[in-house]
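Number of protein chains: 2
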Amino acid sequence: MNSHPGSRHVTLAHGSGGKAMRDLIETLFVRHFHNPWLTPLEDQARIGLGELSPGGNRLAFTTDSFVVDPLFFPGGDIGTLAVNGTINDLAMSGALPLYLSCGMILEEGLSITLLEEVVESMGRAADAAGVSIVTGDTKVVPRGAVDKLFINTTGLGVIPEGVHIASHRAQPGDAILVNGFMGDHGAAIVDARGELALDNPVESDCQPLQGLVAAMLSACPDIHCLRDATRGGVATVLNEFAQAAQVGMRLEEASLPVRETVRGVCEILGLDPLYLANEGKLVAIVPGEAAEAVLAAMRSHPAGQEGAIIGEVTAVPEGRVVLATALGGERIVDMLVGEQLPRIC
Amino acid sequence: MNSHPGSRHVTLAHGSGGKAMRDLIETLFVRHFHNPWLTPLEDQARIGLGELSPGGNRLAFTTDSFVVDPLFFPGGDIGTLAVNGTINDLAMSGALPLYLSCGMILEEGLSITLLEEVVESMGRAADAAGVSIVTGDTKVVPRGAVDKLFINTTGLGVIPEGVHIASHRAQPGDAILVNGFMGDHGAAIVDARGELALDNPVESDCQPLQGLVAAMLSACPDIHCLRDATRGGVATVLNEFAQAAQVGMRLEEASLPVRETVRGVCEILGLDPLYLANEGKLVAIVPGEAAEAVLAAMRSHPAGQEGAIIGEVTAVPEGRVVLATALGGERIVDMLVGEQLPRIC
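Quick mapping for you: the protein sequence lines, in order, are chains X and B.
The first sequence begins at 1 in full-length UniProt numbering and counts up one residue at a time.
The second sequence begins at 1 in full-length UniProt numbering and counts up one residue at a time.
Hints were generated in silico from the structure; no laboratory data involved.
Source: prediction; values computed, not measured.
Any given hint could turn out to be false.
Pairs count within a copy or across copies, as identical chains cannot be separated in the list.
[To be verified] Here are the simulated EDC-like cross-link-like pairs (lysine to aspartate or glutamate), alpha carbons at most 20 Å apart as the crow flies:
(1) Lys148 / Glu117
(2) Lys148 / Glu108
(3) Lys148 / Asp69
(4) Lys19 / Asp272
(5) Lys148 / Glu161
(6) Lys19 / Glu116
(7) Lys19 / Asp334
(8) Lys19 / Glu195
(9) Lys148 / Glu253
(10) Lys19 / Glu260
(11) Lys19 / Glu318
(12) Lys148 / Glu292
(13) Lys19 / Glu267
(14) Lys19 / Glu108
(15) Lys19 / Glu107
(16) Lys148 / Glu107
(17) Lys19 / Asp69
(18) Lys148 / Glu289
Modelling step: build the complete structure from the supplied sequences, incorporating the hints.
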C-alpha cells in the first residue's frame with residue numbers, strides 16, 4: 001500500500017469524516033499524543049474537575065492559530081510553536097498549563113511524512129511541558145486554499161489561588177524585566193526564509209515558560225503583569241501595559257539584552273529588536289522592591305539565565321513607553337503601526 | 001479615514017500584534033462578543049471554577065476548524081456554523097456548553113464589512129445559545145495563503161453528574177433515533193455553490209442542539225450514545241458506534257427522514273443522503289424501552305419536530321451497519337471511503 005505514491009500525501013479523503021480520516025487520526029495523532037483523554041476518540045475530551053490541580057480556583061482558557069512560514073526553522077517548527085505558544089499564553093496568567101486541543105487545516109497534497117514530523121514534534125513538546133493534547137480536529141482543503149499546514153491550539157490551565165496577574169496592575173516604581181535575549185525567533189524566521197546568509201544561524205527561542213513563571217512566583221507571589229512578547233515584540237507588550245494602567249514605561253537602551261547576530265540582522269534589514277517576535281520570552285512587571293529577587297529566580301532557571309531588569313514604570317507620560325538611549329537622549333517607543341514580518345508565528 | 005479604500009479591507013497590519021490589530025479587536029470582536037471574560041483583553045480568559053454550572057463534575061472540551069465554501073449560504077454562514085458546530089460537539093456529551101474561543105485566519109484583502117457580518121453572526125449565535133466567546137486570536141496571511149477566512153472555535157462545557165454518553169455503550173435492543181431530515185446542510189452547500197438551480201433552495205439545518213439534548217436527557221437520563229452527524233453524515237456516525245461497541249446497526253430505509261428536495265439533489269448528483277453533512281442533526285442510541293419517551297421529548301422540542309426512530313442495534317453483524325431497503329433487500333452501509341464534498345463545514 002505504501003508503495004503507491006498517493007498514499008504518502010494528504011488527500012481530500014483524509015478530511016472527509018470517513019475511513020481515511022479515521023486511519024490518519026489513529027495512526028498519527030493518537031499514537032504521538034497518547035493520553036487517556038484522547039484515546040476514546042469521542043468528539044470531546046472529558047476532564048474530571050477532580051483532575052484539575054489542587055490549589056487552583058480559576059481556569060485559564062486561551063487560543064492561538066499558527067501560520068508560520070517556513071514550517072521548519074532552526075530551533076523549532078510549527079508543531080513546537082503551536083504547543084509552546086499556547087502553553088505560554090496560559091502561563092502568563094500564572095496558570096499551570098494542563099490540556100490542549102489541536103485543530104489542523106491541511107492542504108491537499110501535503111506530504112504525510114512532513115505531517116508526521118510536525119505531529120511528533122507536538123507530542124514531544126507536550127510531554128516535555130507536562131501537558132496533554134486531549135482533543136482535535138482535522139480539515140483538508142483543496143490545493144491552493146491554504147498554504148500547506150495551519151494549526152490552532154487552545155489551552156486550559158488552572159490559576160493558583162492568590163495569583164492576580166493583570167495588565168492594568170503596573171504602577172510607578174515597578175521594575176520591568178525580560179528573561180533573556182530579544183528577537184531570536186523573528187531573526188531565525190527571517191534567516192530561515194533565505195533572506196540572509198548568516199554564518200552563525202540564529203535559533204528560535206521557542207520554549208515553554210510555565211516553569212520559569214512558577215519560579216518567579218515563588219520569589220514574588222505578587223507579580224503585577226506578565227505577557228509573552230510574541231508578534232510585535234517587547235515594545236508592543238509594554239505599550240499594552242502602559243495603556244491598560246495609564247502609566248509610563250521607561251526603558252534603558254543599554255540594558256536591553258540583544259544577541260550580536262540579531263542586532264546585525266536588524267541593522268541589515270532596518271528592523272528594531274524591540275518589535276521582533278519572540279517565542280520564549282516574557283515581560284514581567286514586578287514591585288520595585290521585589291525586582292532583584294525575581295531577577296535572581298529568573299537567572300537560576302534554564303529559561304531565564306540571560307534575564308535582565310530593562311527599565312521601570314513611571315507616572316508619566318501616561319500610556320507611553322520611552323527609551324533612554326545609550327547616547328543620553330530619549331525617544332518614544334510607539335505601538336507598531338504597519339506589519340513588521342508576516343507569518344512569523 | 002473610512003473614505004480610504006484600503007481601510008475597508010484586512011491588511012497584514014491587522015495581524016501584526018500592533019495598533020491596527022488592537023483596533024480591529026476592540027471595534028469588532030469585543031463589540032459583538034461583549035462579555036466580561038473577553039473585555040479585559042488579556043491573552044487568556046479566566047473563568048472562576050465557581051462560575052461553572054452546579055451539578056457538573058466533568059469538563060467537556062472540544063475543537064473544530066471551519067473552512068466552509070461559500071462563506072454565506074441559505075440558513076447560515078461560517079460564523080453560525082463555527083458557534084453551533086462546537087456547541088453541538090459539547091452537547092453530544094450531555095454537557096451544558098458555556099465558553100468558546102475564536103481563532104480567525106484572515107486573507108489579506110478580505111472585506112472588513114464581510115468580516116463584520118461573520119463576527120456579528122457569531123455574536124448572535126452565541127447569545128441565542130447562551131454561550132460566551134471569551135478569548136480569541138487573529139492571524140492575517142498574505143493573499144493566496146488562505147482562501148478568505150477560516151475559523152477555529154474551541155469549547156468548554158460542564159457535564160452533569162450521572163450522564164455517561166459514550167460511543168461504546170450501544171447494545172443489542174437499543175433504538176436508533178435522529179431528530180429530523182437528513183442532509184439539509186450538505187444539499188444547501190452544494191446548491192449555494194451554484195452547481196444546481198433549485199426552485200426551492202434548501203436551507204442548512206445549522207442550529208444548536210444543547211436544548212434538545214437536555215430535553216432528551218430529561219426523558220431518559222441513560223442515553224447510551226449521541227453524536228452530531230456532520231461530515232460523513234448519519235452513516236459515518238453509525239459506523240463509528242458499531243465499531244466502538246462491536247455491535248450491528250440495522251436501519252429501515254422507509255423510516256429515514258429525507259426532504260423531497262434533498263432526495264432530488266442526491267439523485268441528480270449521485271449522492272447518498274445517509275452520507276450528506278448535517279449541522280443540526282444528531283444520532284441517538286437509547287435503551288429500546290425508552291425509545292418512545294425520547295422520541296416524544298424530541299418531537300416536542302423545536303429542534304426535533306421531525307424526529308424519528310430509524311432502526312435498532314443488533315448483535316450481528318459486529319461492527320457493521322445494514323440498511324433494510326424499502327424493496328425488502330439488505331445492503332451494507334460502509335464507512336465513506338473517498339471524499340464526498342470538500343469544504344462542507
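Hints, one by one, checked against the model:
no.: 1; hint: Lys148 / Glu117; verdict: within (14 Å within a copy, 28 Å between copies)
no.: 2; hint: Lys148 / Glu108; verdict: both (8 Å within a copy, 17 Å between copies)
no.: 3; hint: Lys148 / Asp69; verdict: both (10 Å within a copy, 18 Å between copies)
no.: 4; hint: Lys19 / Asp272; verdict: between (50 Å within a copy, 16 Å between copies)
no.: 5; hint: Lys148 / Glu161; verdict: neither (42 Å within a copy, 42 Å between copies)
no.: 6; hint: Lys19 / Glu116; verdict: within (18 Å within a copy, 37 Å between copies)
no.: 7; hint: Lys19 / Asp334; verdict: between (52 Å within a copy, 9 Å between copies)
no.: 8; hint: Lys19 / Glu195; verdict: neither (42 Å within a copy, 26 Å between copies)
no.: 9; hint: Lys148 / Glu253; verdict: neither (40 Å within a copy, 41 Å between copies)
no.: 10; hint: Lys19 / Glu260; verdict: neither (52 Å within a copy, 29 Å between copies)
no.: 11; hint: Lys19 / Glu318; verdict: between (59 Å within a copy, 17 Å between copies)
no.: 12; hint: Lys148 / Glu292; verdict: neither (46 Å within a copy, 49 Å between copies)
no.: 13; hint: Lys19 / Glu267; verdict: neither (53 Å within a copy, 24 Å between copies)
no.: 14; hint: Lys19 / Glu108; verdict: within (17 Å within a copy, 35 Å between copies)
no.: 15; hint: Lys19 / Glu107; verdict: within (18 Å within a copy, 31 Å between copies)
no.: 16; hint: Lys148 / Glu107; verdict: both (5 Å within a copy, 15 Å between copies)
no.: 17; hint: Lys19 / Asp69; verdict: neither (31 Å within a copy, 23 Å between copies)
no.: 18; hint: Lys148 / Glu289; verdict: neither (49 Å within a copy, 50 Å between copies)
Checked against the numbered hints given earlier, the structure breaks hints 5, 8, 9, 10, 12, 13, 17 and 18 and satisfies all the rest.
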